[in-house]
Amino acid sequence: MARYALHRIILAVLVAITVSIVSFCLLRFSTDLAQALAGESATPEQVEQIRVAYGLDKPLVIQYFQWLGQVLSGDLGQSYYFREPVNRIILERMPVTFTLGFTALLLAIIVAMPLGVVAAVRPNSLVDRLALSAAVLGQAMPSFWLALMLVFFFSIQLRWLPLSGSETWEGFVLPSIVLAYYAAPAIMRLTRAGMIEVLRSDYIRTAKAKGLSPRKILLRHALRNAVIPVVALAAVQFGFLLGGSTVIETVFALHGIGYLSWESIQRADFPVVQSIVLLFSLIFVVLTLLADLLNAYLDPRLRMR
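Just so you know, the sequence shown maps onto residues 455 to 759 in our numbering.
Treat the hints with care, since some could be wrong.
Derived EDC-like pairs: lysine to aspartate or glutamate, alpha-carbon spacing no greater than 20 Å straight-line [said to hold, decoys possible]: (1) Lys-670 to Glu-651; (2) Lys-512 to Glu-499; (3) Lys-670 to Asp-656; (4) Lys-512 to Asp-486; (5) Lys-512 to Glu-502; (6) Lys-662 to Glu-651.
Cβ pair distances, simulated, as ranges [said to hold, decoys possible]: (7) Glu-624 to Ile-464: 41 to 47 Å; (8) Phe-483 to Thr-622: 41 to 47 Å; (9) Glu-502 to Val-469: 33 to 39 Å; (10) Leu-602 to Phe-519: 43 to 49 Å; (11) Ser-667 to Asn-541: 43 to 49 Å; (12) Arg-542 to Asp-486: 26 to 32 Å; (13) Glu-502 to Ala-707: 37 to 43 Å; (14) Leu-602 to Pro-577: 33 to 39 Å; (15) Val-476 to Arg-542: 23 to 29 Å; (16) Val-581 to Arg-542: 48 to 54 Å; (17) Leu-526 to Thr-622: 36 to 42 Å; (18) Gly-619 to Phe-519: 40 to 46 Å.
FYI, nobody ran anything at the bench for these hints, they're computed from the structure.
For clarity, every value in this text was computed on a predicted model and none was experimentally measured.
Each residue gets a CB set at the ideal place from its N, CA and C atoms; glycine is no exception.
Using the sequences plus the hints, can you model the full thing?
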């Protein structure tokens, strides 16, 4: 287990370094940062002054290592628009995004896993067909369209929930449902496929031959092995939910990191945009690493690959 964990950690560090290079270069190559900061009406002399002031006149390699050194020391730089440390701005917005992502993932698991189990126990039944249809619809439906439909019915027509805002828990209900509906189909389909495979295995037939009750076979023997791949998927889905919160936070005016990234792109606040891209990427790498280690702990066969 220790050797497997060390191998996965080294791989995660290499991926993190690659992500840092890509996120740094993407912004540098996407536009002229000095020109974007100075504005379209700025003179060439003013653009050059900004280029020197922010160190943008130095070679790209030197700029990267200076930026990387600051990041490793916990300094993400200064926001061009807010004139405040990026660390402080992101920390203020982080609770909203993490609350939204965690609530959506929990809701998706609570709905999708039991549905996947029932669909696997009764394949090709009406419940199975309805579950698969809902999964296909959830994967095909644009999240912003569903968000607008829910706002129209529950906020404007019925007036049950607020249109926007994160001041109360009611403001998280509709965005959590939208994100959960996006994450649930993959969890349901993987749970169903895993359960069908496990229920056809030899040890399940042996358990039936011993006279164990169907409920005990399902909960004690089948479900534990079937949910192993779902653990990895749930971790990855949490990363997708955090990254995909940009659209949903914008629709519901939730002032989280996703909404901050949209604001920062509009204002050409590149230190904030770059830090958010790096933060989400590193969160995704860490979640994938934790899922791999947990899967290897639950299934010893994975350590031998």
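Verification of the supplied hints:
no., hint, result
1, Lys-670 to Glu-651, "17 Å, holds"
2, Lys-512 to Glu-499, "17 Å, holds"
3, Lys-670 to Asp-656, "16 Å, holds"
4, Lys-512 to Asp-486, "14 Å, holds"
5, Lys-512 to Glu-502, "12 Å, holds"
6, Lys-662 to Glu-651, "16 Å, holds"
7, Glu-624 to Ile-464: 41 to 47 Å, "45 Å, holds"
8, Phe-483 to Thr-622: 41 to 47 Å, "43 Å, holds"
9, Glu-502 to Val-469: 33 to 39 Å, "37 Å, holds"
10, Leu-602 to Phe-519: 43 to 49 Å, "45 Å, holds"
11, Ser-667 to Asn-541: 43 to 49 Å, "55 Å, violated"
12, Arg-542 to Asp-486: 26 to 32 Å, "28 Å, holds"
13, Glu-502 to Ala-707: 37 to 43 Å, "39 Å, holds"
14, Leu-602 to Pro-577: 33 to 39 Å, "35 Å, holds"
15, Val-476 to Arg-542: 23 to 29 Å, "26 Å, holds"
16, Val-581 to Arg-542: 48 to 54 Å, "50 Å, holds"
17, Leu-526 to Thr-622: 36 to 42 Å, "39 Å, holds"
18, Gly-619 to Phe-519: 40 to 46 Å, "42 Å, holds"
Violated hint for the displayed structure: number 11, the only one.
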